[in-house]
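Work out the full structure: start from the sequences and follow the hints.
Here are the chains, one letter per residue:
There are 2 protein chains.
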Amino acid sequence: MKFIDKLLNMSRKNRSLLCIGLDPDPELMPGVDVVQFNRAIIEATSDLACAYKPNLAFYEALGSAGLAILEETIKHIPGDVPVIADAKRGDIGNTAKAYARALFSVFGFDAATVSPYLGYDSIEPFVSYQDKGVFILCRTSNRGAVDFQDLHTNGLPLYETVAHKAREWNIHDNIGLVVGATCPEELKRVRSICPEMCLLIPGVGAQGGDLASAVSYGVDARGERAIFNVSRQILYASRGKDFARVARTVADRIRRQINSHLASHPEQK
Amino acid sequence: MKFIDKLLNMSRKNRSLLCIGLDPDPELMPGVDVVQFNRAIIEATSDLACAYKPNLAFYEALGSAGLAILEETIKHIPGDVPVIADAKRGDIGNTAKAYARALFSVFGFDAATVSPYLGYDSIEPFVSYQDKGVFILCRTSNRGAVDFQDLHTNGLPLYETVAHKAREWNIHDNIGLVVGATCPEELKRVRSICPEMCLLIPGVGAQGGDLASAVSYGVDARGERAIFNVSRQILYASRGKDFARVARTVADRIRRQINSHLASHPEQK
Numbered sequence: 002m003k004f005i006d007k008l009l010n011m012s013r014k015n016r017s018l019l020c021i022g023l024d025p026d027p028e029l030m031p032g033v034d035v036v037q038f039n040r041a042i043i044e045a046t047s048d049l050a051c052a053y054k055p056n057l058a059f060y061e062a063l064g065s066a067g068l069a070i071l072e073e074t075i076k077h078i079p080g081d082v083p084v085i086a087d088a089k090r091g092d093i094g095n096t097a098k099a100y101a102r103a104l105f106s107v108f109g110f111d112a113a114t115v116s117p118y119l120g121y122d123s124i125e126p127f128v129s130y131q132d133k134g135v136f137i138l139c140r141t142s143n144r145g146a147v148d149f150q151d152l153h154t155n156g157l158p159l160y161e162t163v164a165h166k167a168r169e170w171n172i173h174d175n176i177g178l179v180v181g182a183t184c185p186e187e188l189k190r191v192r193s194i195c196p197e198m199c200l201l202i203p204g205v206g207a208q209g210g211d212l213a214s215a216v217s218y219g220v221d222a223r224g225e226r227a228i229f230n231v232s233r234q235i236l237y238a239s240r241g242k243d244f245a246r247v248a249r250t251v252a253d254r255i256r257r258q259i260n261s262h263l264a265s266h267p268e269q270k
Numbered sequence: 002m003k004f005i006d007k008l009l010n011m012s013r014k015n016r017s018l019l020c021i022g023l024d025p026d027p028e029l030m031p032g033v034d035v036v037q038f039n040r041a042i043i044e045a046t047s048d049l050a051c052a053y054k055p056n057l058a059f060y061e062a063l064g065s066a067g068l069a070i071l072e073e074t075i076k077h078i079p080g081d082v083p084v085i086a087d088a089k090r091g092d093i094g095n096t097a098k099a100y101a102r103a104l105f106s107v108f109g110f111d112a113a114t115v116s117p118y119l120g121y122d123s124i125e126p127f128v129s130y131q132d133k134g135v136f137i138l139c140r141t142s143n144r145g146a147v148d149f150q151d152l153h154t155n156g157l158p159l160y161e162t163v164a165h166k167a168r169e170w171n172i173h174d175n176i177g178l179v180v181g182a183t184c185p186e187e188l189k190r191v192r193s194i195c196p197e198m199c200l201l202i203p204g205v206g207a208q209g210g211d212l213a214s215a216v217s218y219g220v221d222a223r224g225e226r227a228i229f230n231v232s233r234q235i236l237y238a239s240r241g242k243d244f245a246r247v248a249r250t251v252a253d254r255i256r257r258q259i260n261s262h263l264a265s266h267p268e269q270k
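Sequence lines, in order, name chains V and W.
Here the first sequence is numbered in my numbering, starting from 2 and rising by one per residue.
Here the second sequence is numbered in my numbering, starting from 2 and rising by one per residue.
These aren't lab readings, by the way, just hints derived from the structure by calculation.
It is possible that part of the hints are untrue.
For identical chains, the list gives no copy identity; a pair is met inside one copy or between any two copies.
Cross-link-like lysine to any residue pairs, in silico, SDA-like; alpha carbons within 20 Å at most [to be verified]:
no., residue 1, residue 2
1, LYS166, LEU152
2, LYS98, GLY64
3, LYS98, MET30
4, LYS242, ASP26
5, LYS76, LEU63
6, LYS189, SER265
7, LYS166, HIS153
8, LYS166, THR154
9, LYS166, ASP151
Keep in mind it's a predicted model, so treat the numbers as computed, not measured.
Below, the structure is given as structure tokens:
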């Protein structure tokens with residue numbers, strides 16, 4: 002099954018555009034190990050999310066044991082919920098092949114984020130896994146995004162050039178884009194360039210992006226193909242033993258908030 | 002000790018600007034495991050190299066066991082030889098901090114490669130480890146480099162803008178740039194923008210970059226601060242049991258070739 006179909010199935014089943022970022026920080030966990038923590042979060046939220054997104058940095062920060070924890074975590078995610086590797090990889094062809102194999106074949110992710118800086122031959126090895134999703138960084142949610150992504154290239158900001166290229170490269174209908182909720186105008190521009198592409202939208206929650214405008218500008222004409230990621234705001238909503246229950250409450254609240262903004266989306270009226 | 006001093010020490014001791022890329026491909030190894038292979042390569046070449054550079058993709062492709070192999074490999078490298086993590090990481094601040102901790106504190110690398118696409122706050126967490134080296138991707142050695150790196154931004158190609166920014170950000174004197182040997186004119190431009198910066202130059206060897214022009218354009222005025230990386234051409238020079246011995250022969254030949262091109266460098270005459 003193609004990534005986009007797996008995503009749409011789960012999104013419709015759970016009535017959710019919420020992706021939960023599984024970014025473990027042992028210092029914020031209430032006396033459980035990381036696998037127990039992740040497993041409890043997954044069990045408490047898997048009927049509320051459209052996808053999970055572990056960011057590899059937080060596993061690598063635990064050394065090789067961290068990658069074993071990541072393998073274990075993925076096993077606890079129900080098979081019909083898509084899992085996105087937030088890896089932001091980007092390397093020359095031969096090496097990109099090894100990264101794609103690592104993420105898709107070895108760890109078994111359904112999708113991965115990649116960086117565009119090295120151009121098409123760094124992305125092609127990922128895209129050639131036609132059933133997997135590939136989210137290319139376009140306009141990111143951080144302050145430093147302006148340093149290069151907003152520079153004008155041939156009259157367009159670099160991030161828009163990336164969006165145009167992504168559309169051109171999307172021959173297998175498995176490419177998406179990463180656009181931060183912290184930059185709603187840029188999100189609107191990218192959605193207008195790629196009306197049918199799946200967008201991965203981080204930056205609501207701890208990063209402070211406005212959810213209403215992110216939903217309004219981020220979804221496609223049917224109110225779909227947008228994934229709103231929240232990590233810390235859900236995972237660490239409580240630092241006590243009730244962390245999983247509180248995470249569920251917060252996740253459900255955000256899911257409903259997204260849906261309420263969707264309800265006012267032009268096509269849904 | 003700062004990375005650049007550790008590098009210059011080893012480079013002068015071994016009279017070498019050759020970095021050996023430890024990129025394991027089990028299919029090309031003659032019936033030894035990856036740790037044995039890497040260890041044999043290191044033992045056969047550590048008096049010929051100025052640094053080693055494992056690319057993390059090839060370890061991640063072996064799953065969590067691969068990261069354990071990486072940890073083991075690093076232990077076998079003599080403490081005075083710098084080890085560069087070719088990771089090309091780039092993520093938002095909070096996540097970049099986790100990557101920097103992973104590479105510098107957990108795995109213990111002396112330097113790392115990072116991607117510039119997310120801007121300064123994605124690089125700052127690496128740079129704040131003042132004794133570690135941070136190589137920012139500038140003009141890469143692959144064909145796809147032209148897709149974005151060569152686009153003009155404010156009259157300059159993006160890669161030159163990255164070089165100018167890197168110079169501006171280099172307050173701790175620990176930033177370097179990655180420029181491919183496959184694009185000698187671009188290498189020359191970058192060296193003229195950053196005359197005193199350390200350049201990591203892949204692309205000679207299997208990728209076909211011309212060594213003479215890479216040396217001529219890549220080194221600083223003293224014939225230093227350039228690292229020429231070769232991986233496959235050395236590691237897999239022989240696929241037989243004699244792989245380490247043959248790797249040594251090839252590594253020494255390339256080291257001497259670099260030095261002979263150095264001898265014709267203007268400042269050395």
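Worksheet item: 20 Å Cα cut-off: does LYS166 pair with THR154 within a copy, between copies, both or neither?
Response: Intra 13 Å, inter 17 Å, cutoff 20 Å: intra and inter.
Practice prompt. With 20 Å as the alpha-carbon cut-off, assign the pair LYS98 and GLY64 to within, between, both or neither.
Written response: between (23 Å within a copy, 14 Å between copies)
Discussion item. Cα distance capped at 20 Å. Does LYS166 pair with ASP151 within a copy, between copies, both, or neither?
Written reply: both (16 Å within a copy, 14 Å between copies)
Fill in: Intra- versus inter-copy proximity for LEU63 and LYS76 (alpha-carbon distance at most 20 Å)
The answer is both: 19 Å in one copy and 17 Å across copies each meet 20 Å.
Practice prompt. Please work out whether the CA atoms of LYS98 and MET30 approach to 20 Å or closer within one copy, between two copies, in both situations, or in neither?
Written response: Close across copies (18 Å), not inside one copy (35 Å); limit 20 Å.
Fill in: Alpha-carbon proximity between LYS242 and ASP26, which holds within one copy, between copies, both or neither at 20 Å
Within. Shortest intra-copy distance 15 Å satisfies the 20 Å Cα cut-off; inter-copy 45 Å does not.
Practice prompt. Could you figure out if LYS189 and SER265 sit no more than 20 Å apart (CA to CA) within one copy, between two copies, both or neither?
Written response: Classified as within: same-chain Cα gap 16 Å, cross-chain 56 Å, threshold 20 Å.
Item to complete: Could you place LYS166 and LEU152 in one of the four classes (within, between, both, neither) given a Cα distance threshold of 20 Å?
Response: So LYS166 and LEU152 pass the 20 Å test inside a copy (16 Å) and across (13 Å) alike.
Worksheet item: Given identical chains, is LYS166 near HIS153, meaning Cα to Cα at most 20 Å, within a copy, between copies, both, or neither?
Response: Answer is both: 15 Å inside a copy and 16 Å across each meet the 20 Å cutoff.
Violated hints: none; the structure is consistent with every hint.
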